[in-house]
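Taking our numbering, I'd label the letters of the sequence shown as residues 367 to 613.
Any given hint could be a false lead.
Stated by the list, open to error - When the alpha-carbon atoms are kept at most 25 Å apart in a straight line, the in silico DSS-like pairs for lysine-lysine are as follows:
id, residue 1, residue 2
1, K463, K403
2, K403, K373
3, K480, K411
4, K422, K513
5, K513, K463
6, K422, K410
7, K411, K471
8, K410, K463
9, K482, K463
10, K411, K513
11, K513, K403
12, K410, K482
13, K471, K373
14, K482, K403
15, K422, K411
16, K463, K411
17, K410, K373
18, K463, K479
19, K471, K482
20, K411, K373
21, K480, K463
22, K479, K410
23, K422, K482
24, K410, K480
25, K471, K513
Because the hints were derived from the structure by calculation, they are not lab data. Keep in mind the model is a prediction, meaning the values are calculated, not measured.
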Amino acid sequence: MDFELDKTRIPQHIAIIMDGNGRWATERGWDRTFGHKAGIDTVKKITSECARLGVKYLTLYTFSTENWNRPAYEIEALMGLVLSFIEMELFTDNNVKFRMVGDFKRLPESVQKKIKYMEDLTSENTGMTMVVAMSYSARWELTNAMKQIASEGIAPEEITEETINQHLVTNFMPDPELLIRTGGELRISNYLLWQIAYSELYFCDTYWPDFDEECLHRAIASYQGRQRRFGKTEAQVESEATPLNDK
């Protein structure tokens, strides 16, 4: 089914929790790592489609700080897959800039080098920015920001929301308008907790390896069918959206 998307209301920042890789593989009698491999193809499809639609930022939850507790063989496989999807072709073909947010120092040296290389190589690209949240959790990010603020000797009464924003690892991008979670789970899993205060949330049962362009369009269509009020009443929002000469 095709969705007629309003091209003037495409979310500028979409964040995705890519869930269901392991279950997708297990249900087929395969090792969980096969699901992660299949998920890489989805990353490429969705990145390309978001760039085509005019999305400015796509943030993908790739590996959380809690994921370090998984079996060693699965962590090793995941790290290898990260190296495989950070390919120049994906970024050059779509004019995409690559960024990474997370606890960089915990990553294997080979992954650190590849990430730094790709960030430098794509820094001049002018299209969408694809952000990989890796070795990341929102509580880690907020704790890190608080430590930085304390170390700078900023007085408590001088701390504002903007102060905190400036000390987050995501300070280079706007908050997500739309957060998508695949795989049927209905939770946030310690992802961008500060940034999604007013994001629209979209949950679907589709496992990430099966999430395709149509699924993405469905999520965006759901977003476009909602009214974003930011604490205001429906009447206030409708009044503000009405041109003066129509009042």
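For each hint, the structure was consulted:
1. K463 <-> K403: 23 Å, holds
2. K403 <-> K373: 32 Å, violated
3. K480 <-> K411: 21 Å, holds
4. K422 <-> K513: Violated - the C-alpha atoms of K513 and K422 are around 30 Å apart, more than 25 Å.
5. K513 <-> K463: Violated: K513 and K463 sit about 29 Å apart, past 25 Å.
6. K422 <-> K410: With Cα atoms ~16 Å apart, K422 and K410 stay inside 25 Å; holds.
7. K411 <-> K471: 29 Å, violated
8. K410 <-> K463: This hinted pair holds, its Cα atoms lying about 14 Å apart.
9. K482 <-> K463: 12 Å, holds
10. K411 <-> K513: Roughly 38 Å between the alpha carbons, so the hint for K411 and K513 is violated.
11. K513 <-> K403: 37 Å, violated
12. K410 <-> K482: Given that 25 Å is the threshold and the Cα spacing comes to 20 Å, the pair holds.
13. K471 <-> K373: Since the Cα atoms of K471 and K373 sit roughly 40 Å apart, the hinted pair is violated (cutoff 25 Å).
14. K482 <-> K403: It holds: about 23 Å lies between the C-alpha atoms, which stays within 25 Å.
15. K422 <-> K411: 16 Å, holds
16. K463 <-> K411: 16 Å, holds
17. K410 <-> K373: 22 Å, holds
18. K463 <-> K479: This hinted pair holds, its Cα atoms lying about 17 Å apart.
19. K471 <-> K482: Roughly 12 Å between the alpha carbons, so the hint for K471 and K482 holds.
20. K411 <-> K373: Holds - the C-alpha atoms of K373 and K411 are around 19 Å apart, at most 25 Å.
21. K480 <-> K463: With a Cα-Cα distance of about 14 Å, the restraint between K480 and K463 holds, given a limit of 25 Å.
22. K479 <-> K410: Since the Cα atoms of K479 and K410 sit roughly 21 Å apart, the hinted pair holds (cutoff 25 Å).
23. K422 <-> K482: It holds: about 21 Å lies between the C-alpha atoms, which stays within 25 Å.
24. K410 <-> K480: 17 Å, holds
25. K471 <-> K513: Within the cut-off at roughly 17 Å; holds.
The structure shown violates the earlier hints numbered 2, 4, 5, 7, 10, 11 and 13.
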